[in-house]
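*Asks:* Protein chains in written order, with numbering that gives the first Met the number 0: chain A, 0 to 307; chain B, 0 to 307; chain C, 0 to 307; chain D, 0 to 307.
Heads up, a few of these hints could be off.
Unchecked claim - Taking lysine-lysine and the DSS-like style, the derived pairs with C-alpha atoms no more than 30 Å apart in a straight line are:
no.	chain 1	residue 1	chain 2	residue 2
1	A	Lys257	D	Lys166
2	C	Lys166	B	Lys257
3	C	Lys68	D	Lys68
4	C	Lys149	D	Lys68
5	A	Lys149	B	Lys257
6	B	Lys257	D	Lys257
7	A	Lys149	D	Lys68
8	C	Lys257	B	Lys257
9	A	Lys149	A	Lys257
10	B	Lys68	C	Lys68
11	D	Lys68	A	Lys166
12	C	Lys68	B	Lys149
13	D	Lys166	D	Lys68
14	B	Lys166	A	Lys257
15	A	Lys68	D	Lys68
16	C	Lys257	A	Lys257
17	C	Lys257	B	Lys166
18	C	Lys257	D	Lys166
19	A	Lys257	B	Lys68
20	B	Lys68	A	Lys68
Bear in mind the hints are in silico, worked out from the structure with no lab data behind them.
There are 4 protein chains.
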Amino acid sequence: MPTVLGQNQYGKAETRVVRVTRDGPVHHIRDLNVSIALSGAMDDVHLSGSNARVLPTDTTKNTVFAFAKEHGIASAEEFAVRLARHFVTGQEAIGTARIRIEEYAWDRIPVPGPGGHSFVRRGRETRTAQVTFDSGGAAGERWQILSGLKGLVVMNTTDSEFHGYVKDRYTTLPETRDRILATEVNACWRHVRDGEGGGGEEGKAGWDERYERTRGHLLAAFAETYSLSLQQTLYAMGSRVIEQTPGIDEIRLSLPNKHHFLADLRPFGLDNDNEVYFAADRPYGLIEATVLRDGATAAVPVDLTNLP
Amino acid sequence: MPTVLGQNQYGKAETRVVRVTRDGPVHHIRDLNVSIALSGAMDDVHLSGSNARVLPTDTTKNTVFAFAKEHGIASAEEFAVRLARHFVTGQEAIGTARIRIEEYAWDRIPVPGPGGHSFVRRGRETRTAQVTFDSGGAAGERWQILSGLKGLVVMNTTDSEFHGYVKDRYTTLPETRDRILATEVNACWRHVRDGEGGGGEEGKAGWDERYERTRGHLLAAFAETYSLSLQQTLYAMGSRVIEQTPGIDEIRLSLPNKHHFLADLRPFGLDNDNEVYFAADRPYGLIEATVLRDGATAAVPVDLTNLP
Amino acid sequence: MPTVLGQNQYGKAETRVVRVTRDGPVHHIRDLNVSIALSGAMDDVHLSGSNARVLPTDTTKNTVFAFAKEHGIASAEEFAVRLARHFVTGQEAIGTARIRIEEYAWDRIPVPGPGGHSFVRRGRETRTAQVTFDSGGAAGERWQILSGLKGLVVMNTTDSEFHGYVKDRYTTLPETRDRILATEVNACWRHVRDGEGGGGEEGKAGWDERYERTRGHLLAAFAETYSLSLQQTLYAMGSRVIEQTPGIDEIRLSLPNKHHFLADLRPFGLDNDNEVYFAADRPYGLIEATVLRDGATAAVPVDLTNLP
Amino acid sequence: MPTVLGQNQYGKAETRVVRVTRDGPVHHIRDLNVSIALSGAMDDVHLSGSNARVLPTDTTKNTVFAFAKEHGIASAEEFAVRLARHFVTGQEAIGTARIRIEEYAWDRIPVPGPGGHSFVRRGRETRTAQVTFDSGGAAGERWQILSGLKGLVVMNTTDSEFHGYVKDRYTTLPETRDRILATEVNACWRHVRDGEGGGGEEGKAGWDERYERTRGHLLAAFAETYSLSLQQTLYAMGSRVIEQTPGIDEIRLSLPNKHHFLADLRPFGLDNDNEVYFAADRPYGLIEATVLRDGATAAVPVDLTNLP
């Protein structure tokens with residue numbers, strides 16, 4: 000046969016599960032979008048159509064709902080670890096499971112009295128998690144746990160310059176000493192794990208706390224960095240997370256430069272002293288980089304936009 | 000000629016203007032998406048292509064930027080009133096101007112020290128405004144000022160029932176005494192105006208305060224209503240706004256019923272006591288209604304999804 | 000009570016039904032997205048939550064599937080007529096039904112042999128239909144049947160000028176004698192009906208043929224009009240449809256002016272003789288108008304973007 | 000310093016260029032969306048904000064427009080090769096350039112007479128290309144040329160079965176001997192290159208012809224495969240491309256299983272002999288695999304959704 004099968008994976012994508020936990024009149028919710036990708040000894044189904052080793056994607060979806068009931072959802076990371084372990088240990092043909100989760104945050108609507116079952120969606124930023132578990136054969140089990148966020152839109156209205164760059168035949172951009180710097184933060188960080196996915200320092204609340212702290216570092220570094228380039232701001236954001244978080248060794252950031260162009264008001268006899276801007280959609284600069292703890296090995300995928 | 004020209008309008012849609020106001024080290028921003036529609040004596044341009052009465056859409060875009068500089072943006076409503084008046088009074092051929100604005104909210108990123116130029120986008124809910132000004136000829140000027148919001152996603156995890164409905168041959172839905180009620184609030188309310196658009200009780204801050212109060216009423220009524228139908232909840236939301244706000248006579252609500260179906264866990268030997276739900280995308284129920292102050296005349300468009 | 004209920008409607012939106020008809024080895028498909036809005040005597044459900052007059056939206060969804068089986072889908076228009084009549088005549092509380100349908104077109108994939116069950120989606124243009132049936136009480140039944148399309152993107156690379164327009168203080172646009180004219184055609188036309196919705200000249204195939212002829216007129220008029228303004232092109236498109244189609248009395252067109260700006264290559268020592276363009280997203284001009292047969296009364300909604 | 004910089008790249012994303020070529024009254028157009036990512040010796044800009052080695056992303060955008068003028072756009076692949084070579088050979092600091100292009104296809108609108116400057120967008124399928132050029136240092140230059148498509152939606156209304164799969168505790172899916180098989184083909188194939196990017200068999204028209212042939216193989220294999228699993232269909236599609244095209248050694252396919260569920264009409268006393276389906280949005284199965292020529296080494300990225 001002149002062709003062979005390469006890397007392959009399958010599973011159910013975008014299962015939307017909402018888990019309600021009732022603590023008397025006070026309810027708690029977790030709202031997730033779960034995507035499962037399984038891989039292993041799957042030559043037969045590709046070559047002959049035999050499904051003898053195939054757990055249906057419908058079953059992987061059912062498992063999400065059943066596990067939400069049986070085990071609850073303490074956090075996206077913990078839920079993903081549980082699912083990954085289940086598929087790899089439960090199916091002989093499956094060697095690797097990758098669980099990607101988007102989580103949508105809700106705030107409580109304040110109400111009089113003791114209740115607490117009313118919520119409002121928090122906004123556009125989406126929290127993400129990705130757990131990959133490889134049974135590893137003789138090499139032993141390998142876990143990778145990534146957390147992240149996407150769609151966190153931020154802006155500095157000053158303290159950003161851009162000058163001193165290379166000029167070639169096609170360069171027309173004027174240098175600037177004061178511009179708007181705006182971006183949509185897409186980030187993915189890798190947790191240090193020395194045991195299996197479920198172990199480590201993080202307990203039930205640990206993943207949520209670490210997420211909030213990491214998000215806070217990203218915002219603070221963005222706001223507090225006097226920027227000579229978006230790359231510099233990116234590096235400041237990434238290194239602050241690494242330096243402040245012993246359990247995180249690597250972070251990947253993808254920062255579209257959301258250009259705000261000064262409106263040209265001179266034809267109307269008006270100055271524009273950095274007051275009126277046109278917010279452009281496309282094209283946009285795209286600045287991407289990984290920041291690592293010294294000595295760590297990079298493992299976060301280079302292209303973030305498909306996480307999860 | 001067997002054909003005639005009916006209603007027509009033109010203008011520049013979706014001009015994205017960001018206005019920065021500098022108060023020493025503290026900056027303030029307004030972030031708008033402005034769409035302009037002008038109409039009037041425009042037969043010639045349709046029938047012969049003569050542009051002699053046509054102010055280019057490019058000019059209407061320029062006017063947005065110039066006005067942002069010259070007058071600032073105290074609020075979306077006030078800015079829309081100013082633009083509407085300008086086009087109708089400044090161009091003989093223009094009899095009516097309709098200005099639609101989406102506004103995106105930003106929160107401050109807290110930083111040490113006295114500064115304040117760092118912001119984070121608040122979320123998915125979008126504030127809207129629509130001002131229509133008709134010069135009116137002999138009938139005199141007419142103003143209509145609408146405010147609203149879209150994309151405010153809310154959920155009650157209990158205190159919602161649905162039963163006692165009509166059953167016909169095609170009815171299979173089981174009745175329920177406890178369900179999730181979730182929707183995305185799209186709302187548009189009409190302000191009472193007895194003078195021109197720029198007058199009235201609202202000053203620079205008035206429109207923002209009224210918006211926040213109205214949003215609060217919508218959330219509170221959603222959370223506090225024990226619901227027998229989404230229509231009942233809708234009416235409670237709308238009537239609360241009218242009753243609590245003397246300056247608002249009418250509100251239109253469009254509430255998609257974002258269905259959350261109980262996952263069927265019985266095949267796995269598990270109960271599901273309103274704990275695990277599947278959040279469905281389509282189809283969805285769509286509940287729409289206008290609530291009016293007794294004696295008021297309806298004027299808000301029936302279809303909200305195109306506002307602005 | 001200080002508040003009253005105004006216009007209201009409810010139903011299931013976006014039911015995605017695919018109907019396969021098997022003609023031996025040759026299959027035919029219809030792929031629809033159906034949205035139902037019912038209105039009538041619905042005060043109780045809003046005021047007290049009583050569902051005694053409410054047919055569940057779930058039932059309206061079931062009806063779509065059941066009717067697809069029982070009656071087939073000869074065309075979107077015919078299917079919508081049938082659904083509208085069913086809800087209005089079958090439910091005492093329902094006085095008006097509005098059925099909106101999007102239809103997605105598929106082409107056959109050519110295969111050897113006699114079969115014919117493989118298809119490829121045709122593209123971005125979506126065919127639309129909207130049928131409104133009002134039982135009318137003493138005034139008698141009223142039907143309105145609209146057909147349309149959205150997302151038909153077209154471009155002329157020459158034979159478009161724009162000059163001779165009004166200049167005010169904010170005008171900077173240079174006049175041009177040769178530009179790209181590109182738009183996304185969104186159109187909705189109203190059929191003359193002298194009987195009930197199901198009657199008239201159109202049979203099973205009639206609606207499809209009329210759609211294809213109307214689409215052809217729109218494309219031909221766009222391509223063959225030497226344009227001095229997009230309004231002129233719009234009117235040429237609309238009047239051609241009316242003049243060529245006795246059964247259509249009115250058409251509404253919404254044409255975003257998809258700007259293609261000449262790239263400025265002078266800084267690089269290059270001419271740009273209408274060869275290289277930047278295709279902009281926002282803002283865009285938006286040109287909208289109704290064209291009517293002389294003597295007809297306008298009835299198509301002014302805002303098309305919400306159809307359906 | 001405890002942190003170090005890992006993989007990084009930057010450039011302008013989504014530059015929308017339209018190129019018109021005038022052949023007397025007949026015009027030809029190319030409509031591209033170009034994204035550029037450059038990488039190399041970029042430590043300084045991240046660590047200190049020095050832009051001394053940074054060619055602005057604005058310049059990379061300008062280069063797209065200038066090259067469209069100077070060299071025309073014979074094909075997306077050829078244009079990407081030219082851009083990649085320019086950035087790597089022209090900037091000492093740049094070691095690698097990755098050019099991603101989406102191309103939108105247009106058909107001619109037929110008109111009487113000799114002209115030909117009117118076009119209609121063909122549809123939803125988007126053609127893609129990605130060229131990566133690495134100067135390689137001592138190892139010598141390396142080129143990778145990928146072509147692909149996304150959004151090609153296809154459906155077989157029969158000749159698809161699914162049974163014989165693994166059942167575990169969470170399996171509820173009934174086996175089926177006749178179902179709809181529908182998917183959206185996302186594909187990326189790698190061209191064999193033994194010289195630099197600009198060489199090889201493909202001339203000006205070669206890339207377009209190869210694209211059409213490859214697309215045709217994908218459609219034919221989808222239509223002609225009697226399917227026992229979507230994996231089997233995927234492999235048939237991929238191996239057909241490899242077997243029929245000596246210049247292609249590898250193809251990656253990402254096929255969402257767009258589920259069409261039989262509507263349950265039994266409650267209404269109706270059969271549903273594979274006639275009426277509900278087209279679901281989410282969740283969906285996602286089947287992904289690489290097919291290789293025997294002996295070839297896989298190089299196409301596993302995650303296609305970010306190409307380009």
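*Asks:* All hints, please: hold or fail.
*Replies:* So, going through the hints one by one against the coordinates:
no. : hint                   : verdict
1   : A/Lys257 with D/Lys166 : 49 Å, violated
2   : C/Lys166 with B/Lys257 : 49 Å, violated
3   : C/Lys68 with D/Lys68   : 56 Å, violated
4   : C/Lys149 with D/Lys68  : 33 Å, violated
5   : A/Lys149 with B/Lys257 : 24 Å, holds
6   : B/Lys257 with D/Lys257 : 22 Å, holds
7   : A/Lys149 with D/Lys68  : 37 Å, violated
8   : C/Lys257 with B/Lys257 : 34 Å, violated
9   : A/Lys149 with A/Lys257 : 15 Å, holds
10  : B/Lys68 with C/Lys68   : 61 Å, violated
11  : D/Lys68 with A/Lys166  : 20 Å, holds
12  : C/Lys68 with B/Lys149  : 37 Å, violated
13  : D/Lys166 with D/Lys68  : 60 Å, violated
14  : B/Lys166 with A/Lys257 : 53 Å, violated
15  : A/Lys68 with D/Lys68   : 61 Å, violated
16  : C/Lys257 with A/Lys257 : 22 Å, holds
17  : C/Lys257 with B/Lys166 : 49 Å, violated
18  : C/Lys257 with D/Lys166 : 53 Å, violated
19  : A/Lys257 with B/Lys68  : 21 Å, holds
20  : B/Lys68 with A/Lys68   : 56 Å, violated
The structure does not agree with the numbered hints 1, 2, 3, 4, 7, 8, 10, 12, 13, 14, 15, 17, 18 and 20 stated previously, though it agrees with the rest.
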